[in-house]
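Chemist: In case you want the letters, here they are:
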Amino acid sequence: MLLTLATVLLTALPAARTDTTFSVRQGDRLNVSNFGGEIVVTSWGKNAVKVAAEHSGRAQVDVRGDGPNIDVRASARHGIPVRVDYNIVVPAWMPLFLKGIYTDISVKGMKSEVSAETVKGEIRIEGGEGFVRASSVEGPVYIDGARGRVELSTVNDNVHVSGSKGEIIVNAINGDIDLEGVESSLVEASTVSGNVMFLGDLHRDGRYNLSTHNGNLTLGMAEGANATVSISTFNGDFDSAFPVQIERTRHGKRFNFTLGSGSALVNLESFDGTIRLERPVELKELVRIKGVRLLQAEKLREIRQVKRELLRVREMSEEDREKSEKNKK
Amino acid sequence: MTNAEFDRWTDRLSEYLDGDLEPRERAELELHLETCDPCRDVLEDLRGLVANAARLEDSLPEADLWPGIAHRIAASKTVPRGWLAWFGGGARLSISLPQLAAVAAVLVVVSGGGVWFAMRGGVLPTQGPVANVTRVETPGTTAENLPVATSPAATSEAPRGADAQLAGYNLTRYDANIGELQQALTDNRGDLDSTTVRIIEQNLALIDRAIADARRALAADPSNSYLNAHLTQQLQRKVRLLQKATVLVAEHQG
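Chains A and B, in that order, give the protein sequences. To convert, take the position in the first sequence, counting from 1, and add 313; that gives our numbering. To convert, take the position in the second sequence, counting from 1, and add 371; that gives our numbering.
Everything labelled a hint here was simulated from the structure, so no lab data went into it. Accuracy of the hints is not assured; some may be wrong.
[What the hints assert, rightly or not] In silico EDC-like cross-links for lysine to aspartate or glutamate, where the CA-CA straight-line distance does not exceed 16 Å:
id: 1; chain 1: A; residue 1: Lys566; chain 2: B; residue 2: Asp412
id: 2; chain 1: A; residue 1: Lys566; chain 2: B; residue 2: Asp592
id: 3; chain 1: A; residue 1: Lys478; chain 2: A; residue 2: Glu439
id: 4; chain 1: A; residue 1: Lys433; chain 2: B; residue 2: Asp564
Could you build all of it, start to finish, from the sequences and the hints given here?
Modeler: Right, here's the structure in full:
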């Protein structure tokens, strides 16, 4: 294979940086495992992979080729876990399988299968085709512009999907699920404690199952939509931005209504929260405002972090000054 | 509408949903549906069941995952290292083979239970859609040790009382198995990354509250098919989370 390095061992440079580029061919796939730090993957037009990694001097990054699999992982003496920040560039066709523990994962510009899994960290995927899978225990998942089947899960954070097309399956436990600008004929989104929002086109014959136990559920739906809508709740409420003609009340707090031809099947369930239909334009505005707030919150976090860092540097400077004064005395 | 009419069509709804009726019968049934609320209810429940069955199938573990885990565990009887140890850290978590087998068993219970819960709505005809039911076995466990999931076809032929007994049996086993897994996590929590353990335990508690809510609601309204499906969903979720914790440990040892 073009990846002539059957086994390449890249010893860390004194500056604690690894940098290597090797050629690959169609059919190869990249597997990256990381303990802590980040994995950032972007794409380029070359049939080659560039692995740049920053790490401590005691670590080394191994790149191994085994048939179509190219494995990247770091190790250190005595098996001590190491933190590595990877910056990897790959051809857009290359399937990616990325795994970490305390690791943030970011992927951009791929036209291939992407699988990302971390325990504590954020996952952000822009692109991906065929099969896009992301799973985090403690960290948010952001997906944008995916094509194909998308399977996402988080335990203790939110999932946000935007501008994506294909089957979308999302499972969360303690977190919100936002699906925005989604084109799909199959959507399954479910959480225990969190809100669920869907803003997208309802396909003819599409199936949309959204559920939450302890949260609100909001669906952006035009009055002219063609859907059979089923609402189920136990302690919750139903609210609609436009009048709907309830056809049939079923056993419990459950009822159905049909819009237009009723071709799409929409199943909305919230045990304890409010189920609400919003006009798409209004919901878009709400999403925009929410986005601005999130951005503001993110900026605020960054500012606080910079302040903390400045404080730490100042304290260190003062300690150094005190030490040097003591030494002078 | 007469009882005879209802009986005649309610058994054909599954075929209708599957598109298996002749055009003439289909047209007749659709005419009947316009005037028959109970049949429309059955049809809605069937649609819900199909959707739930699809969910059950999706939530099952990858079939090839367990043999690998079980094989590795069987070699040493316990998982020797935690996922941190995979990277060389000193964290430890021991999950015994029976406990791992319990996870597999729970999946079977919940799969079977899910079907039963959906049926418990009390309106299914005898020819319900068949959900995929998987029996998961791991080395060291015998078929006798594992609760057996039953297909809708099997339960539909049994008297309703038998269904209830079966479900009761499965639920008991489910509780026992979940208890074992939770105990394993509790026993080893000191060896794991404290934040991750805390997060997992907090979320298990969250699911438990949802399960308790659903059970309370069901006690008040046992024939509500939404509540039945909702309870199943929460049970599945709990299994998935426990499974996730176990898999993290097991796969990181290698």
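Chemist: Compare the structure with each hint and give your call.
Modeler: We went through each hint and held it up to the structure:
1. A/Lys566 - B/Asp412: Holds. A/Lys566 to B/Asp412 sits at ~14 Å (cutoff 16 Å).
2. A/Lys566 - B/Asp592: 11 Å, holds
3. A/Lys478 - A/Glu439: 12 Å, holds
4. A/Lys433 - B/Asp564: 11 Å, holds
The structure is consistent with each of the numbered hints, conforming to all of them.
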